[in-house]
Amino acid sequence: MRWTSGKLRDIGLLLGALSLMAWPTAAARAQTATSTADIIEKLAVEAESDLDLPALRQQAADRIKARADAQPQKRPPIAPQLTKLPQLRFDVVFDQDSSLIRPASYQTIGSIADALTDPKTRPYRYLIVDHVESAGRRDHNLILSQRRAESIRDVLVNTFKVAPKRLQALGLGEEQLQDVNRPASPANARVQIIVIGKFETAEPAKPATPAAATQKGGAGAKKKKQ
Amino acid sequence: MTRIRLFLCIIAISLPSLAAAQTMNFEKAGAMLAASCGKDIDDNCRGVNLDATRLRECLGRNQDVVSAKCRTDYPQALGAIQARITARTSLVKLCNWELNRFCGEVRQDPVKGLQCLLESTKKATPNCNKAISAAGYQ
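Chains as they are written, first to last, in our numbering: chain A, 205 to 430; chain B, 14 to 151.
Mixed in with the good hints, there may be bad ones.
[As the list claims (entries may be wrong)] Covered by chain A, per the in silico footprint, the following chain B stretches (three or more residues, Cβ under 8 Å):
(1) 43-57
(2) 124-134
[Stated by the list, open to error] Just a sample of chain A residues kept apart from chain B, beta carbon distances all over 12 Å, derived:
(3) V249
(4) L286
(5) A308
(6) S315
(7) L320
(8) D358
What the hints contain is simulated information worked out from the structure, not anything from laboratory work. Bear in mind the structure is a predicted one, so any value in this text is a computation, not a measurement. We treat Cβ as the ideally placed atom computed from N, Cα and C, and that holds for glycine.
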């Protein structure tokens with residue numbers, strides 16, 4: 205009897221020790237898996253777009269310069285096509301009036317980096333779009349949002365080694381409010397990660413050497429003649 | 014005596030799994046850095062973005078004023094980011110045999126080559142599988 209109770213106590217000790225060792229990693233894994241898996245699921249999808257980013261930036265700048273659509277609530281979106289593409293929104297906190305990412309958002313940036321370096325999202329290209337809530341000068345907000353979008357891109361590329369060709373950055377300031385009815389709402393400052401197409405990684409076919417081209421041309425000409 | 018044996022047994026069981034463990038993911042490394050060093054970064058490294066090299070340099074330069082928790086954790090958090098990147102870049106070298114044998118046609122394409130490699134883990138050598146785990150891909 206004494207032997208049995210001792211054995212039971214040892215088994216209990218073993219199970220207790222194992223559960224203590226397993227719990228923190230299991231909890232951490234579950235937490236990580238949920239958030240990153242969610243991001244991957246939403247961003248590892250096919251999408252096609254023919255965005256002309258310099259034209260969109262110019263359009264936003266021109267509209268501000270012309271002082272058109274002064275009322276934030278009545279501004280038509282600069283790039284309505286973006287809303288139709290697969291995307292996710294993130295809260296990224298920056299220093300006031302700066303493109304410096306606050307430590308409070310390091311985890312968010314890390315989870316975006318985890319998702320964008322996952323094998324499932326690797327075949328796709330993404331657009332990082334930053335917005336600023338309606339307050340202060342419109343032209344200043346447009347420039348600030350562009351710098352912030354580029355700051356996120358830089359961190360993803362330089363710190364987490366996401367392939368630079370897969371990421372583009374666009375700042376839309378307060379020109380495409382996400383909550384039109386409340387222009388000053390923080391919801392309008394959220395960052396979007398948008399799927400914009402396939403990432404072609406295969407080496408492009410090598411251009412034919414002049415000699416080969418001449419030969420080919422010659423052969424073709426000969427064929428035609430025949 | 015039995016308990017000591019039991020304890021040694023637990024250690025023996027856990028060691029191989031720890032050796033083959035995944036590197037820390039970016040999310041966890043970011044969270045660790047923010048939790049342990051957020052205030053220190055605000056106080057001493059204002060103006061430095063989330064950049065492993067610059068943050069390491071700045072926190073190291075301010076070792077005498079940063080908190081003890083940050084001093085302990087920042088090399089671990091920034092090291093984890095680097096470890097995962099290194100594990101991923103060395104994957105091609107460590108799984109070269111598998112890439113040649115099972116993925117010869119697509120191995121030049123980084124995306125298709127990786128996808129093919131991850132589909133071949135059952136046929137891959139233990140070393141290659143360990144490298145895939147370290148990279149956080151399984």
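Now for the hints, and whether the structure bears them out:
1. 43-57: holds (count 8)
2. 124-134: holds (count 5)
3. V249: Non-interface label stands for A:V249: nearest chain B Cβ at 15 Å, farther than 12 Å.
4. L286: Holds: least Cβ distance 25 Å, greater than 12 Å.
5. A308: Contrary to the label, A:A308 does not stay out of reach of chain B, its closest Cβ about 6 Å off (not over 12 Å).
6. S315: 4 Å, violated
7. L320: Violated: least Cβ distance 10 Å, not greater than 12 Å.
8. D358: Check fails; 7 Å does not lie beyond 12 Å.
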